[in-house]
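Visitor: These are the residues of each chain, in order.
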Amino acid sequence: MKQIQDFKFSGYKWLNYSTYILTLKTDESVAGLEPGNFAELQIPDAPGVFLRRPFSILDVDHKKNTLSFYIKIVGKGTRQLGKLKLGDKVSVIYPLGNSFTVNGTQKALLVGGGSGVAPFLLLGRKLKKHGVDVTFLIGARTKEDVLLTEEFEKLGKVLVTTEDGTMGQTGLVTQHSAFTDDFTFDKIYTCGPDPMMKAVARIAKEKGIDCEASLENMMACGIGACLCCVTETIHGNKRVCTEGPVFNTKELVWLI
Amino acid sequence: MVDLNVHIGDLQLKNPVGTASGTFGFGEEYADFMDLNKLGAIYVKGLTAKHREGNPYPRMAETSSGMLNAVGLQNKGVDYFISNIWPRIKHYDTEIIPNVNGSTVEEYIEVTEKLNEVEGINAIELNISCPNVKEGGMAFGVSCPSAMAVTEAVRNVFDKTLIVKLSPNVTDITEIAKGVEDMGADAVSLVNTFLAMAIDVKTRRPVLSTVTGGLSGPAIKPIALRMVWQVYHAIKIPVIGMGGIMNATDAIEFMLAGATAIQIGTANFIDPQVTLKIMDGLVSYCEEQNISKISDLTGQLRNI
Ligand SMILES: Cc1cc2nc3c(=O)[nH]c(=O)nc-3n(C[C@H](O)[C@H](O)[C@H](O)COP(=O)(O)OP(=O)(O)OC[C@H]3O[C@@H](n4cnc5c(N)ncnc54)[C@H](O)[C@@H]3O)c2cc1C
Ligand SMILES: Cc1cc2nc3c(=O)[nH]c(=O)nc-3n(C[C@H](O)[C@H](O)[C@H](O)COP(=O)(O)O)c2cc1C
Ligand code: FES
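Quick note, the sequences are listed as chains A and B, same order. Residue 0 is where the first sequence starts when you use numbering that gives the first Met the number 0, and the numbers rise one by one after that. Residue 0 is where the second sequence starts when you use numbering that gives the first Met the number 0, and the numbers rise one by one after that.
Hints are computed from structural coordinates only; laboratory data are not their basis. Small disclaimer: the values here were computed from a predicted structure and weren't measured. The reader is advised that the hints may include incorrect statements.
[Stated by the list, open to error] Partial pick of chain A residues on the chain B-facing surface, computed with a CB cut under 7 Å:
id, residue
1, 0
2, 8
3, 224
4, 226
[As the list claims (entries may be wrong)] Think about it this way: if two alpha-carbon atoms lie no more than 25 Å apart in a straight line, the pair counts; the simulated DSS-like pairs of lysine-lysine are:
id, chain 1, residue 1, chain 2, residue 2
5, A, 197, A, 153
6, B, 89, B, 113
7, A, 197, B, 201
8, A, 75, A, 24
9, A, 82, A, 24
10, B, 13, B, 37
11, A, 12, A, 249
12, A, 237, B, 133
13, A, 62, A, 88
14, B, 201, A, 71
15, A, 249, A, 204
16, A, 237, A, 204
17, B, 75, B, 49
18, B, 49, A, 237
19, B, 201, B, 75
20, B, 201, A, 75
21, B, 75, A, 237
22, B, 89, B, 49
23, B, 276, A, 88
24, A, 24, A, 63
25, B, 276, A, 7
26, A, 106, A, 128
27, A, 249, B, 75
28, A, 127, A, 153
29, A, 62, A, 153
30, A, 63, A, 153
31, A, 71, A, 24
Idealized CB from N, CA, C, for every residue including glycine.
Take the sequences, apply the hints, and build the full model.
Guide: Here it is, written out as structure tokens:
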């Protein structure tokens with residue numbers, strides 16, 4: 000069940016100049032959630048920020064009653080969210096959206112770019128629990144933007160591409176040799192910039208395997224009421240906040 | 000105990016707080032967050048005769064103190080509503096009011112005739128003010144003759160309470176209000192969104208797929224309030240006020256300006272429980288001011 004709950008700011012872990020992990024804590028218990036779910040945060044004291052902001056749930060700790068988020072600064076809201084003080088209140092609506100499916104997967108490739116790696120921690124853990132062989136493929140502009148790799152290494156193999164060649168293979172994620180060497184993955188999960196996800200989905204289609212993409216459309220309500228966040232699917236417009244954010248790319252019109 | 004009942008046409012609403020069409024889905028979307036039975040009314044998402052896919056994405060943009068939308072009346076059509084959605088929501092102990100749309104007068108009539116047959120639907124809100132569709136919509140609401148024509152046509156086929164939702168995108172809103180009153184509307188609701196636009200300077204393109212969209216939220220409140228006040232003084236039928244109401248103080252302002260009831264729109268996106276908070280705030284205000292009937296607040300603006 001979706002809920003609205005007050006959390007308190009509990010801490011940051013800055014990963015680079017523009018990316019941080021935000022941890023929020025509540026006195027109550029944190030609701031159960033699935034990999035792929037997201038939350039709508041109300042950012043306190045942020046002039047010019049009117050609506051809530053959607054973020055994937057990076058991690059949850061049911062013992063400490065915390066939720067954490069992996070946030071990249073792209074504008075006024077994400078900047079302000081990086082300036083909270085201990086005890087600041089943040090209202091959170093969660094868990095929202097659907098989740099990735101793991102049934103039947105044996106060997107999974109998780110392709111992420113930018114803040115798109117956020118849902119992969121919970122997904123990687125779930126896949127590992129189901130005995131799935133997990134490989135992460137992370138694409139970034141440069142070395143400083145390749146983050147969370149230590150966490151991912153606990154769950155599977157980590158491959159990297161950087162556009163400037165400062166880490167891993169040089170180029171875009173879709174140019175990684177993982178896609179050309181004998182390719183034995185039976186499922187791709189992807190989250191990141193649209194052009195990246197489209198390119199990844201195209202490869203999945205060529206290889207004849209399923210691909211699930213987590214979309215980041217702009218949202219107003221996040222709970223299915225306003226119809227602002229829709230994406231075009233073969234079954235008509237669907238709400239990314241409710242029928243998504245995770246879609247099988249076969250359903251998405253942008254792929255065809 | 001403050002008496003919260005208000006009357007709109009033949010309706011007796013248990014309190015003046017309703018939710019604005021298009022911002023509250025079909026109510027169900029909010030059921031996890033609040034007891035829907037507490038609401039005075041739920042104005043559900045706009046309906047058309049046939050299924051409509053709405054406008055392409057992007058359909059929204061945030062602005063200072065508000066937002067633009069260009070949803071374009073995405074809905075599965077009135078038949079789908081009656082056979083699939085209505086059975087799921089009709090048990091709620093609140094007035095559920097469909098929002099009726101059309102590209103032609105005939106379409107407005109078709110949708111209304113179907114809703115007229117449904118037991119439990121006691122009122123409709125005739126939307127002649129949607130800025131996000133190419134044909135019909137706001138075109139009906141910005142000219143007095145066409146607003147009157149569509150109101151008259153719908154009045155002829157609807158026996159229950161008829162609320163006409165007015166567009167603020169006009170030179171003189173009182174003229175349209177008087178026109179629809181003359182054609183038999185039981186109440187007017189105002190305002191719908193203001194035609195507006197946003198530009199992305201990086202790409203030099205409009206943000207919305209439709210270039211223009213409708214502005215809602217606190218940004219429009221002072222104008223909406225002025226329009227409610229003007230219309231209240233121009234007509235005799237009740238006025239349902241909306242436009243940027245975020246809290247109980249805003250709601251009280253609209254009632255003092257002349258609204259019998261109010262609708263909460265965009266505020267639901269930020270706080271899905273805001274309607275309950277506004278209700279509590281209205282009660283506290285009445286208690287502090289020794290007002291025993293909330294309907295006594297309507298139009299009680301004092302002279303300067
Ligand atoms: C389901 C979902 C999950 C998300 N998960 C994460 C996450 O885990 N970590 C993370 O850092 N970000 C995530 N995002 C994106 C995040 O919501 C936006 O970056 C944030 O809303 C921007 O707010 P802002 O006020 O900083 O930017 P603004 O000042 O509002 O805008 C700055 C720029 O960012 C662009 N922008 C704004 N909102 C979005 C959006 N939703 N998608 C793409 N571009 C946008 C604007 O067009 C503008 O160019 C997610 C989005 C969705 C819909
Ligand atoms: C996303 C969105 C969708 C809307 N859809 C409709 C609609 O279908 N029919 C309608 O009459 N008004 C619609 N409106 C207008 C609202 O009902 C209301 O008139 C307007 O938003 C002003 O109130 P507010 O500032 O409280 O939101 C919509 C508004 C928004 C923000
Ligand atoms: S953001 Fe409102 S329906 Fe998805």
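Visitor: Give a verdict on every hint.
Guide: A quick look at each hint next to the structure:
1. With its C-beta approaching chain B no nearer than about 5 Å, residue 0(A) sits inside the 7 Å limit, and its interface hint holds.
2. Because the closest C-beta pair between residue 8(A) and chain B is about 19 Å apart, greater than 7 Å, the hint is violated.
3. With a cut of 7 Å, the hint placing residue 224(A) at the interface with chain B holds, because the nearest CB-to-CB distance is about 4 Å.
4. The criterion of a C-beta within 7 Å of any C-beta in chain B is met by residue 226(A), whose closest approach is roughly 5 Å, and the hint holds.
5. Only pairs whose Cα atoms come within 25 Å are accepted, and residue 197(A) paired with residue 153(A) is rejected, the gap being roughly 28 Å.
6. At most 25 Å may separate the alpha-carbon atoms for a hinted pair to count; residue 89(B) and residue 113(B) meet this at roughly 16 Å.
7. Restraint check for residue 197(A) and residue 201(B): satisfied, since their Cα atoms lie roughly 23 Å apart, inside the 25 Å limit.
8. In summary, the hint linking residue 75(A) to residue 24(A) is supported, as the alpha carbons are separated by about 23 Å, within the 25 Å threshold.
9. Annotation: proposed proximity of residue 82(A) to residue 24(A) holds, straight-line Cα distance about 16 Å (limit 25 Å).
10. Between the alpha carbons of residue 13(B) and residue 37(B) the distance comes to roughly 8 Å, so the proposed pair stays at or under 25 Å and holds.
11. Distance hint between residue 12(A) and residue 249(A) is unfulfilled; the C-alpha atoms sit about 37 Å from each other, more than 25 Å.
12. Taking the CA atoms of residue 237(A) and residue 133(B), the gap is about 22 Å. The hint holds against a cut of 25 Å.
13. Only pairs whose Cα atoms come within 25 Å are accepted, and residue 62(A) paired with residue 88(A) is accepted, the gap being roughly 20 Å.
14. Distance restraint check for residue 201(B) and residue 71(A): the Cα-Cα separation of roughly 19 Å lies within the 25 Å cut-off, and the hinted pair is therefore satisfied.
15. Annotation: proposed proximity of residue 249(A) to residue 204(A) holds, straight-line Cα distance about 8 Å (limit 25 Å).
16. Of the supplied pair hints, the one linking residue 237(A) and residue 204(A) holds, its CA atoms being roughly 21 Å apart against a limit of 25 Å.
17. Of the pairs offered as hints, the one joining residue 75(B) and residue 49(B) holds, with about 7 Å between alpha carbons and a cut-off of 25 Å not exceeded.
18. With a C-alpha separation of about 18 Å, the suggested pairing of residue 49(B) with residue 237(A) holds against the 25 Å cut-off.
19. Of the supplied pair hints, the one linking residue 201(B) and residue 75(B) is violated, its CA atoms being roughly 36 Å apart against a limit of 25 Å.
20. Proximity of residue 201(B) to residue 75(A) is assessed by CA-CA distance (about 16 Å); at most 25 Å being required, the pair is judged to hold.
21. Between residue 75(B) and residue 237(A) the alpha-carbon distance is near 12 Å, which keeps this suggested pair within the 25 Å criterion.
22. Distance restraint check for residue 89(B) and residue 49(B): the Cα-Cα separation of roughly 22 Å lies within the 25 Å cut-off, and the hinted pair is therefore satisfied.
23. For the proposed pair residue 276(B) and residue 88(A), the alpha carbon gap of about 18 Å is at most 25 Å, so the pair holds.
24. The straight-line distance between the Cα atoms of residue 24(A) and residue 63(A) is roughly 8 Å, inside the 25 Å bound, and the hint therefore holds.
25. Only pairs whose Cα atoms come within 25 Å are accepted, and residue 276(B) paired with residue 7(A) is accepted, the gap being roughly 22 Å.
26. Of the pairs offered as hints, the one joining residue 106(A) and residue 128(A) holds, with about 13 Å between alpha carbons and a cut-off of 25 Å not exceeded.
27. In summary, the hint linking residue 249(A) to residue 75(B) is supported, as the alpha carbons are separated by about 23 Å, within the 25 Å threshold.
28. Of the pairs offered as hints, the one joining residue 127(A) and residue 153(A) holds, with about 10 Å between alpha carbons and a cut-off of 25 Å not exceeded.
29. Pair hint residue 62(A) plus residue 153(A) holds up; C-alpha atoms about 21 Å apart against a cutoff of 25 Å.
30. A distance of roughly 21 Å separates the Cα atoms of residue 63(A) and residue 153(A); the hinted pair therefore holds under the 25 Å criterion.
31. Under the criterion of a C-alpha separation no larger than 25 Å, the hint pairing residue 71(A) with residue 24(A) is consistent with the structure, at around 20 Å.
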